[in-house]
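Peer 1: Which chain is which? The protein sequence lines are C and V, in order.
Each residue of the first sequence is one higher than the last, beginning at 1 in my numbering.
Each residue of the second sequence is one higher than the last, beginning at 1 in my numbering.
Check the hints yourself; a few may be wrong.
[What the hints assert, rightly or not] Residues from chain V that face chain C, not an exhaustive set, calculated with beta carbons under 8 Å:
| id | residue |
| --- | --- |
| 1 | K124 |
| 2 | A125 |
| 3 | K132 |
| 4 | R136 |
| 5 | P140 |
[As the list claims (entries may be wrong)] In silico BS3-like links for lysine-lysine, alpha-carbon gap of 30 Å or less:
| id | chain 1 | residue 1 | chain 2 | residue 2 |
| --- | --- | --- | --- | --- |
| 6 | V | K124 | C | K24 |
| 7 | C | K142 | V | K213 |
| 8 | C | K65 | V | K124 |
| 9 | C | K123 | V | K124 |
| 10 | C | K143 | V | K216 |
| 11 | V | K213 | C | K123 |
| 12 | C | K132 | V | K124 |
| 13 | V | K216 | C | K83 |
| 14 | V | K132 | V | K216 |
| 15 | V | K124 | C | K83 |
| 16 | V | K132 | C | K65 |
| 17 | C | K132 | C | K224 |
| 18 | V | K53 | C | K83 |
| 19 | V | K124 | C | K34 |
| 20 | C | K24 | C | K34 |
| 21 | C | K123 | V | K132 |
| 22 | C | K143 | C | K132 |
[As the list claims (entries may be wrong)] Restraint-style ranges between C-beta atoms, simulated for each label pair:
| id | chain 1 | residue 1 | chain 2 | residue 2 | range |
| --- | --- | --- | --- | --- | --- |
| 23 | V | A131 | C | H199 | 32 to 38 Å |
| 24 | V | F29 | C | E194 | 41 to 47 Å |
| 25 | V | V90 | C | E21 | 55 to 61 Å |
| 26 | C | E183 | V | A195 | 22 to 28 Å |
| 27 | V | D61 | C | T242 | 53 to 59 Å |
| 28 | V | G219 | C | D135 | 40 to 46 Å |
| 29 | V | V82 | C | D84 | 42 to 48 Å |
| 30 | C | D84 | V | Y135 | 16 to 22 Å |
| 31 | C | E194 | V | L44 | 20 to 26 Å |
| 32 | C | G33 | V | L44 | 30 to 36 Å |
Hint data in this document are derived by calculation from the structure and do not stem from the laboratory.
Every residue, glycine too, gets a C-beta built ideally from N, C-alpha and C.
Below are the chains, spelled out letter by letter.
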Amino acid sequence: MNKAVPVIEVSDLHKSFDGVEVLKGVDFKVERGKIVSILGSSGSGKSTLLRCMNWLEEPNSGAIKIVGDQIGQDADGTPMSEKDLAHMRSRMAMVFQSFNLWPHFTVLQNVMEAPMHVQGLAKEEAMAQAEKWLDRVGMLVKKDAYPYTLSGGQKQRVAIARALAMNPEVILFDEPTSALDPELVGEVQEVIGELAKEHFTMVIVTHEMDFARSISDEVVFIDKGVVVEQSAPEEFFGNPQTERLQRFLGKYK
Amino acid sequence: MELLDWITVWLNIDRIALGFGTTIFFFLFATVTAFVLGCLVVFLYEGEENIFKKAMRFCLDILRTLPFLIVLYILYYGLPQVGIRLNAWVAGLIALSLYHAAYYAEILRGARIALPTGQIESAKAHGYTSAKMFYRILLPQMVLRSGPLFGNQLVGCLKDTAFLSIITIYELTAAANDLQQVHFIPLQAFVVVIALYWSISLVIERFLRGLGKYAKHRGLSYE
């Protein structure tokens, strides 16, 4: 693996919804092994930015490279074939706010599903991998349960195991604790914190300031569709440079 | 002589058995074909609306509004006029399959619309192409959530097989009709036939209860 090539490189990204420009030229980079949190108020475009990274939202202009390979379209702007796009996406993983487990599969089947049917792993291998990751998030005991029987925190831990089982270059977290009851936030943050210690490359969109501060290598502040500030957490929280970030952090003190 | 009439039915049990077998064959064949076609149609509905999808929807809407008998007449009596001659069995199988496929497509389309979009996003994010996603993630849930509507459809298909007697197919209703015409025992003949239709519907109910249990176990219950 080439250390010099960023895992994610976003350049001059623009995205509009019905004529309203949500992202107005975002440049953004994630180096291998780094944990980057994206903060910003609701409607700032942070989730849209994350969703553009794996092409769940199609940007209007700009480019996104995953380990050097452009996603979504070729350099001249022609759209990628569905198969190529799916392959690019399978190199990343995403954890959603609302978990989005597949309800007709057991916990174990949820984690085995994409490695088997997208990446073509043999069943035994997929199962061994799935059990390993479920154990890591503390959900192996529930492997034969169906998702509807789980709590939100448990569902999210399974979703994280499902993401990890893809052996991804980067994991994208879209507000992973926002849909959880307050007493369940901790268990999910703990799991993500554990992964952070092992230097999985992660991009985390979140509202949880303390969480972002404790696990990130870098924190990004997005406001009105542009990156306003990007720095290490001590700098970001301790010595914010712009007035917009100062005001934003002020609201949370 | 009531008893004698029942004995007459018993003596003609081979005809009834033949009709019963034919009915079951048409019912099973048409159900499986219609279901598979219905799934295929709903898959073709996936993605952006275009002229092809609109046209397909229009045709299926027309098909659903027609009485089944008309579809059967067109295939068996209408097509020879333009040089396409189907034998009765082929015409019957095509008519029954196509007609019910239009309904299965509509049932599954409803279930598809009701699926939460989040699961589709998570499938895409995990690298699924739309065909694989449909087959692995969407379709199983659509089927599990549609149990009661399938029940109506299965019984409807069973009943529609009776129309096949009109294009000379010797199925259960035709067999009963045969008996009552030859031996003048309409009551006995039709009572037996009712019992046989009912026995099939019991099997259908069993099947649906199994499907319902399977769905409930996964939290996708209806009831």
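Peer 1: Take the hints in turn and mark each one as holding or not.
Peer 2: Each hint tested on the structure:
1. K124: Result: holds, 6 Å to nearest chain C Cβ.
2. A125: holds (4 Å)
3. K132: Constraint on K132 (chain V) satisfied, holds at 6 Å.
4. R136: Result: holds, 6 Å to nearest chain C Cβ.
5. P140: holds (5 Å)
6. V:K124 to C:K24: Holds: K124 (chain V) and K24 (chain C) sit about 26 Å apart, inside 30 Å.
7. C:K142 to V:K213: Roughly 21 Å separates the two Cα atoms, so the pair holds.
8. C:K65 to V:K124: holds (18 Å)
9. C:K123 to V:K124: Distance of about 21 Å is within 30 Å: holds.
10. C:K143 to V:K216: It holds: about 18 Å lies between the C-alpha atoms, which stays within 30 Å.
11. V:K213 to C:K123: holds (27 Å)
12. C:K132 to V:K124: It holds: about 24 Å lies between the C-alpha atoms, which stays within 30 Å.
13. V:K216 to C:K83: Violated. K216 (chain V) to K83 (chain C) sits at ~35 Å, over the 30 Å cutoff.
14. V:K132 to V:K216: Holds, at roughly 25 Å.
15. V:K124 to C:K83: Roughly 11 Å between the alpha carbons, so the hint for K124 (chain V) and K83 (chain C) holds.
16. V:K132 to C:K65: With Cα atoms ~25 Å apart, K132 (chain V) and K65 (chain C) stay inside 30 Å; holds.
17. C:K132 to C:K224: violated (41 Å)
18. V:K53 to C:K83: Answer holds: K53 (chain V) to K83 (chain C) is near 22 Å, not above 30 Å.
19. V:K124 to C:K34: holds (25 Å)
20. C:K24 to C:K34: Holds, at about 25 Å.
21. C:K123 to V:K132: holds (17 Å)
22. C:K143 to C:K132: With a Cα-Cα distance of about 11 Å, the restraint between K143 (chain C) and K132 (chain C) holds, given a limit of 30 Å.
23. V:A131 to C:H199: 32 to 38 Å: holds (36 Å)
24. V:F29 to C:E194: 41 to 47 Å: Violated - the Cβ-Cβ distance for F29 (chain V) and E194 (chain C), about 56 Å, lies outside 41 to 47 Å.
25. V:V90 to C:E21: 55 to 61 Å: At 59 Å between Cβs, range holds.
26. C:E183 to V:A195: 22 to 28 Å: Hint violated: Cβ distance 60 Å, outside 22 to 28 Å.
27. V:D61 to C:T242: 53 to 59 Å: holds (58 Å)
28. V:G219 to C:D135: 40 to 46 Å: violated (24 Å)
29. V:V82 to C:D84: 42 to 48 Å: holds (45 Å)
30. C:D84 to V:Y135: 16 to 22 Å: Holds, at about 20 Å.
31. C:E194 to V:L44: 20 to 26 Å: Hint violated: Cβ distance 45 Å, outside 20 to 26 Å.
32. C:G33 to V:L44: 30 to 36 Å: violated (44 Å)
Comparing the model with each earlier hint shows violations of hints 13, 17, 24, 26, 28, 31, 32; every other hint is respected.
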